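**Q** Okay, here's what each chain looks like letter by letter:
There are 2 protein chains.
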Amino acid sequence: MKYPHSIEKLLKHLQKLPGVGKRTAERFAFDLLARKDEGHLDELASALRLVKEEICECQQCGAFTDTVNCYFCTDTTRRRDLLCVVASPKDVFTIEGTREYRGLYHVLHGLLSPLDGRGEEILQFSKLLARIQADNIKEIIIALDSTLEGDATALFLKDQLATYDVQVSRLAFGIPVGSSLEYVDGGTLARALVGRASF
Amino acid sequence: MKYPHSIEKLLKHLQKLPGVGKRTAERFAFDLLARKDEGHLDELASALRLVKEEICECQQCGAFTDTVNCYFCTDTTRRRDLLCVVASPKDVFTIEGTREYRGLYHVLHGLLSPLDGRGEEILQFSKLLARIQADNIKEIIIALDSTLEGDATALFLKDQLATYDVQVSRLAFGIPVGSSLEYVDGGTLARALVGRASF
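These protein sequences, in sequence, are chains E and X.
1 is the number of the first residue of the first sequence in my numbering; add one for each residue after it.
1 is the number of the first residue of the second sequence in my numbering; add one for each residue after it.
Where hints are given, some of them may not hold.
Note: identical chains are not told apart, hence a pair may lie in one copy or across any two.
[Claimed, not checked] Under the rule of at most 20 Å between Cα atoms (straight-line distance), these lysine to aspartate or glutamate pairs were calculated in the DMTMM-like manner:
no., residue 1, residue 2
1, Lys9, Glu149
2, Lys52, Glu121
3, Lys36, Glu54
4, Lys2, Glu100
5, Lys16, Asp31
6, Lys90, Glu38
7, Lys9, Glu43
8, Lys158, Glu139
I should point out that these hints are in silico values taken from the structure, not numbers from a laboratory.
This structure is a prediction, so every number in the text was calculated from the model and none was measured.
My request is simple: use the sequences and hints to build the entire structure.
**A** Structure below.
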């Protein structure tokens with residue numbers, strides 16, 4: 001079986017997307033080709049280039065932005081002494097989606113992972129320390145994954161921030177909203193018990 | 001929550017891909033952005049444009065090709081009096097993947113669907129009749145979906161081809177290879193019984 005060269009190439013690049021294998025890539029490519037006359041191929045290509053050209057990281061917090069300082073850093077209605085520390089720029093939008101947070105962000109751009117050779121030097125950590133002093137930060141919320149790397153990074157942050165005059169907290173662990181106890185794993189239930197709140 | 005404009009645009013276009021909703025589009029977009037420095041965004045955009053520029057439909061059979069006549073039509077080792085009629089260009093590659101077929105193809109570019117206003121005039125049907133006479137076709141294999149539209153189109157083809165001196169067959173219906181009887185639906189089992197072959 002022989003796809004024309006340019007289709008092969010498109011399939012190769014589509015397969016680099018997360019969770020996209022050969023068959024999904026084929027579905028995407030042939031759907032794009034079938035609707036070629038609607039201009040979808042061109043539009044997607046243009047949208048990709050536009051993102052490439054316009055999006056950069058906010059110089060202050062590291063979130064994705066199309067201006068020098070991001071939407072969040074320039075929003076004067078936000079608390080400027082409260083930072084939410086996240087691993088990736090995507091997490092900023094996830095937290096934002098809750099509509100529960102009205103402070104600023106700091107993106108680490110990764111998590112500690114000694115096995116993969118990712119130590120503190122590659123995290124935007126020194127930048128965080130500099131911000132705490134320069135911007136007079138009072139409170140830091142650590143919003144990292146509940147994984148080995150997330151836990152290691154959270155502990156590292158907690159240690160390093162101990163000498164600073166900031167209040168440090170981490171997102172609560174517990175039962176996901178809407179789930180039933182019988183499907184919650186033991187580890188989560190144990191954390192939910194420890195973290196129980198008066199009711 | 002406010003994504004920068006160009007990210008919003010990319011998300012909109014990614015969501016036009018089959019089976020891609022808001023969350024998958026976000027996963028794709030942020031993965032592309034996270035690996036921006038590896039040039040993946042540019043490569044994908046270029047691959048899309050290349051496909052747009054290079055791929056057209058074979059003038060003879062309607063399969064996707066980057067030359068005037070396609071890989072299949074120009075392959076002189078194939079039987080030139082045998083046509084496999086398929087609905088879409090993708091199906092050509094699917095049939096080809098079986099390595100069981102060594103004839104030529106004819107792509108209808110659609111199936112009859114009176115409800116959606118797709119009648120015989122939009123199918124590449126007159127082109128098929130012209131080919132049968134011009135190329136002296138002896139045998140036609142109808143390889144269409146086993147759906148309402150596929151069945152309707154297959155019946156229509158059978159009727160129309162009755163006056164021509166060609167042998168017409170349709171792909172066999174039966175138990176999918178590797179499946180167990182208990183999971184096969186009644187309709188399929190009935191067709192498998194009717195189509196039983198000596199063993």
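**Q** Which hint numbers doesn't this structure obey?
**A** Hints 1 and 2 are the ones this structure does not satisfy, whereas the remaining hints hold.
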